[in-house]
Amino acid sequence: MKFGIVVNEGPYQHQASDSAYLFCKAAIAKGHTVWRVFFYHDGVNNATKLTDPPQDDRHIVNRWSKLAEEHGVDLVVCVAAAMRRGIRDENLAAGFRISGLGQLVEAGTLTDRLVTFGD
Amino acid sequence: MKFGIVVNEGPYQHQASDSAYLFCKAAIAKGHTVWRVFFYHDGVNNATKLTDPPQDDRHIVNRWSKLAEEHGVDLVVCVAAAMRRGIRDENLAAGFRISGLGQLVEAGTLTDRLVTFGD
Amino acid sequence: MLHIINKSALSNGSFESCLRTAESGEILLIEDAVYAATKGSALEAKVREAMGRFKINVLMPDLEARGLADRVIEGVSPVDYGGFVDLVAGNKNCQSWL
Amino acid sequence: MLHIINKSALSNGSFESCLRTAESGEILLIEDAVYAATKGSALEAKVREAMGRFKINVLMPDLEARGLADRVIEGVSPVDYGGFVDLVAGNKNCQSWL
Amino acid sequence: MSDVKKFMFVNRKAPHGTIYALESLEVVLITAAFDQDVSLVFLDDGVYQLKKGQQTKGIETKNFSTTYRALDGYDIEKLYVEKESMDARGLTEDDLLVDVTVLTSKEMGALMGQQDVVLSF
Amino acid sequence: MSDVKKFMFVNRKAPHGTIYALESLEVVLITAAFDQDVSLVFLDDGVYQLKKGQQTKGIETKNFSTTYRALDGYDIEKLYVEKESMDARGLTEDDLLVDVTVLTSKEMGALMGQQDVVLSF
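Residue numbers (this note's numbering), protein chains in the order written: chain A, 1 to 119; chain B, 1 to 119; chain C, 1 to 98; chain D, 1 to 98; chain E, 1 to 121; chain F, 1 to 121.
Worth flagging that the hints you see were computed from the coordinates, not collected in a lab.
Yeah, the Cβ is synthetic: ideal placement off N, Cα and C, and Gly gets one too.
Everything hinted at is true.
Partner residues are not named here, just some residues of chain A that face chain B (Cβ under 10 Å, in silico): (1) Pro11; (2) Thr48; (3) Lys49; (4) Asp52; (5) Pro54; (6) Ile60; (7) Val61; (8) Ala80; (9) Ala81; (10) Ala82; (11) Met83; (12) Arg84; (13) Arg85; (14) Glu90.
Calculated from the model, a selection of chain B residues having no Cβ within reach of chain A, i.e. all distances over 12 Å: (15) Lys2; (16) Lys25; (17) Ile28; (18) Gly31; (19) His32; (20) Trp35; (21) Leu67; (22) Ala68; (23) Glu69; (24) Gly72; (25) Asp74; (26) Arg97; (27) Gln103; (28) Thr109; (29) Leu110.
A short list of chain D residues far from chain E (calculated; beta carbon distances all over 12 Å): (30) Arg48; (31) Glu49; (32) Pro78; (33) Val79.
I would like the entire structure built from these sequences, with the hints used as guidance.
Given below as structure tokens:
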């Protein structure tokens, strides 16, 4: 089955990004496809390459980048939300791309299930 | 009277940053001093110079920078929260500085009132 | 003591927790909490009852933004941001019920 | 239909709104919503009643993180992240009650 | 895109306190532009989004509430409001910016069940 | 700093769903290091922060709940829990990681009124 995921919250503040990631890993482990993760609202803050969390904590941004690299997950950052929050190509982490809300609609039309994680 | 302000949420997603700013402006207009604004949790996202909101919308980050410039308000960004969220000196907006949680405690001990805005 | 509430009391428990716990003093409703200051909501009786113990204030710019400035319950005091500042200054301490 | 709840039902109205509105189907409690699945809370009766209409599931990694894995109400189904995926796949559609 | 899906936008949050109401409108417009079947439902504090007379000057933000009146021009006509949520807030249809269909909780629940994609704001 | 202020940390949110519980501990430790008078109160979902037996391996986050047991070593001894909040969650003092003083709502309200600085988490 083909899944689309929406992430509405930034890393560390809320559990949303963690839950979304663990859902993606579990879906892939079961042989499903995670076709796209759409980062919306404060969720765009998952995409900054400037994060530097404590050594003994998970690195949420790198975890997403790795998921993109290893499983071809399309990580899309909402452009309007990103501009409001200071996420641009210059601080964008590997595996993410910035695009419009049409990519969210497409995630709804072209996947079998769309699951939202947020606050 | 000397006020300290705490902002716990980033710009645009929640009204917290707007409320805090309008409170500061009103306090200054009444002859009070806003001695320090401490940006904590997702509040650190108020400090990125890379934001580029729609033309017809308020520019929350620039608004803070201007408040610092015109009224000497000390805008302090929590370093641990900033590292978790990708706020560093290289993308820090004018008027902000990054420092430790001791600055929050100091805002509690050295001001007459500490007011928190958040979610 | 000033208690600042910023969440809608119809979907979040902060206002109720404040009423249960706080001794007395003043309450200021801001942001999405301003709806509690309006006539006709399911909270009206609770707010009227709380007025026996607390002075209740509402931030008018927030109520105007939400199109309900003309429905303030009698006895709730309207304030602007300047009035918000006065409330903080005029109370010994304050707490934001986030 | 799968209804995903992620907020504590003792401080937020999402769970109650879901119970009021949703027809039937399955509910999955995740994140801070998992507390609703525990015995002894003020919500227990409401949850037991809802089990007549819904199949209620709880995400165990979230309940373990909160130290309450040993208090699941009888009849609530424990699932892991794989089970979460199965629930989404097995229902025609899903809604997150954010 | 050949096949049309049923998209439902669930609006449960008050306007202005958070950005969700504004963003919901953005996605609704784009989804309609993709020729999908679009429904908006308003329940809980979401019904406040449709209140007439919003004036945001005092909080220095955009007054996006006028956009609800423009939805019609984009052929977005399925707006549903839950009666119980309106009642609990002392609102009637006369208070709302636009014409809506008022549904009971149960009717709204049934409508949710018929959707392909449900997006929460 | 010569004068000591009364700092109260109000913890009302569940752990793990948001970062507040963890951050609260950070500020509490720093405030104690500044030789201030520190009280922690736990009410509403905040009482869940003190639940024994938290195991965060399955959600891949840090288990900071052990830190509550370390507070004593920093002379942070004023921990208050609201009885009504504990009761509503089916928790008793035996469920908690540390020794606390249980207060009624009214007692907790009186304590709040005595503070100089109240920080909410």
